[in-house]
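Following numbering that gives the first Met the number 0, the numbering of the sequence shown begins with 0 at its first residue and continues without gaps.
Please note that a few of the clues may not be correct.
Claimed, not checked - Only pairs whose alpha carbons sit at most 25 Å apart, straight line, appear in this in silico SDA-like list of lysine to any residue:
1) 172 <-> 76
2) 122 <-> 135
3) 122 <-> 62
4) 122 <-> 73
5) 122 <-> 157
6) 172 <-> 187
7) 122 <-> 63
8) 122 <-> 44
9) 122 <-> 177
10) 172 <-> 157
11) 172 <-> 135
12) 172 <-> 136
13) 122 <-> 37
14) 122 <-> 42
15) 122 <-> 218
16) 122 <-> 242
17) 122 <-> 87
18) 172 <-> 210
19) 172 <-> 132
20) 172 <-> 63
21) 122 <-> 96
What the hints assert, rightly or not - Listed next, with one range per pair, are the computed distances between beta-carbon atoms:
22) 186 <-> 226: 18 to 28 Å
23) 180 <-> 67: 44 to 54 Å
24) 223 <-> 185: 16 to 26 Å
25) 141 <-> 84: 27 to 37 Å
26) 136 <-> 223: 37 to 47 Å
27) 157 <-> 47: 29 to 39 Å
28) 226 <-> 72: 43 to 53 Å
29) 226 <-> 80: 39 to 49 Å
30) 78 <-> 154: 14 to 24 Å
31) 67 <-> 186: 38 to 48 Å
32) 233 <-> 93: 21 to 31 Å
33) 90 <-> 67: 22 to 32 Å
Think of the hints as simulated: they come from the structure by calculation, not from any bench. Just so you know, even glycine gets a beta-carbon here, dropped at the ideal spot from N, CA and C.
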Amino acid sequence: MIVNADDFGLTPGVNRGILEACERGIVTSTSLIVNLPGLAPSVACLRTGPDIGVGLHLNLTQGRPVSPPSDVPSLVDADGLLQGDHDRIAAAWTTDDVRRELTAQCDLFRATGFPLSHLDAHKHIHRHLHVLDVVIDLARALHLPVRPLHRERLTAANIASPVRYVDAVYFEKDSRERLLERLLGLPPGVTEFGCHPGYADALLRDRSVWVEERERELALLTADDVRTAVRDLGITLVDYRTFA
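Make a model of the complete structure from these sequences and hints.
Below, the structure written as structure tokens:
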């Protein structure tokens with residue numbers, strides 16, 4: 000089982016929470032947003048933190064693009080910012096602009112020198128098929144696995160991925176019961192669990208609708224009974240480097 004914490008690089012509090020969820024809990028993997036301010040200190044945290052697989056959290060919905068806004072006009076608003084409501088506007092994104100920006104984000108990640116374990120996407124933008132086609136091309140070029148949304152298309156393209164992806168939030172009242180139930184019913188093969196642990200900080204309130212919820216998720220992912228269940232059920236915790 001891969002337990003991937005999305006949004007590394009969103010804020011210092013999120014970074015701290017993710018690394019703690021790896022050190023004390025069941026998180027094995029994270030994915031880094033590279034286009035937001037604070038990339039250098041985020042990478043420094045990863046270098047000095049626990050051993051964890053680190054993917055690229057491709058982002059077309061938040062912050063400024065890595066590319067000059069004038070080079071990706073279909074992705075940005077009048078202020079040169081990526082636009083958040085992808086379900087409403089993704090059809091207007093041109094494939095050329097998507098390719099230019101996602102390639103720039105890959106190049107920026109690789110320029111850090113940090114090993115890249117996989118590709119996934121903020122807000123699951125690779126649910127949109129023209130975005131997925133670009134992600135597949137990047138994965139082929141970089142020999143990387145991809146989070147398994149539209150897994151049949153990934154398989155047809157010979158892109159490695161987990162057998163399934165479980166996208167859930169773990170800060171609701173029944174979260175503990177749901178998580179333990181899913182662990183108990185885990186089928187054979189590699190499953191990825193997505194999660195969003197972190198510590199609330201002032202910057203997070205400006206950048207996300209999930210604030211205190213991330214702390215509740217962190218508490219669950221580091222809980223003794225959850226770690227015990229993983230051990231007693233014989234679940235092997237891995238990250239995307241298992242596909243190397």
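Run the distance test for residue 122 versus residue 62: straight-line Cα separation, threshold 25 Å. 13 Å, holds
Restraint check for residue 122 with residue 73, where alpha carbons must lie at most 25 Å apart: The given pair, whose Cα atoms are some 18 Å apart, holds under the 25 Å limit.
Against the 25 Å threshold, does the CA-CA distance of residue 122 and residue 42 hold or violate the hint? 22 Å, holds
Can you tell me whether the CB distance of residue 226 to residue 72 sits inside 43 to 53 Å? The hinted range 43 to 53 Å holds for residue 226 and residue 72, with Cβ atoms some 48 Å apart.
Hinted pair, alpha-carbon criterion (25 Å max): residue 172, residue 76. Please report holds or violated. With Cα atoms ~38 Å apart, residue 172 and residue 76 exceed 25 Å; violated.
Assess, step by step, whether the Cα of residue 172 is no farther than 25 Å from the Cα of residue 187, and give holds or violated. Given pair residue 172, residue 187 is violated - Cα atoms ~28 Å apart, limit 25 Å.
How does the Cβ-Cβ distance of residue 186 and residue 226 compare with 18 to 28 Å: does it lie in that range? Distance hint for residue 186, residue 226 holds at roughly 21 Å.
Within a Cα-Cα threshold of 25 Å, do residue 122 and residue 135 meet the stated pairing? Distance of about 17 Å is within 25 Å: holds.
Is the hinted pair residue 172 and residue 63 satisfied, with a Cα-Cα distance of at most 25 Å? 35 Å, violated
Cβ distance range 37 to 47 Å for residue 136 and residue 223, holds or violated: 44 Å, holds
If you check the beta carbons of residue 223 and residue 185, does the distance land in 16 to 26 Å? The hint (16 to 26 Å, Cβ to Cβ) holds, given that residue 223 and residue 185 are roughly 19 Å apart.
Keeping to a limit of 25 Å between CA atoms, is the pair of residue 122 and residue 87 held or broken? 13 Å, holds
In this structure, the earlier hints numbered 1, 6, 10, 11, 12, 19, 20, 30 and 32 are contradicted, and the remaining ones agree with it.
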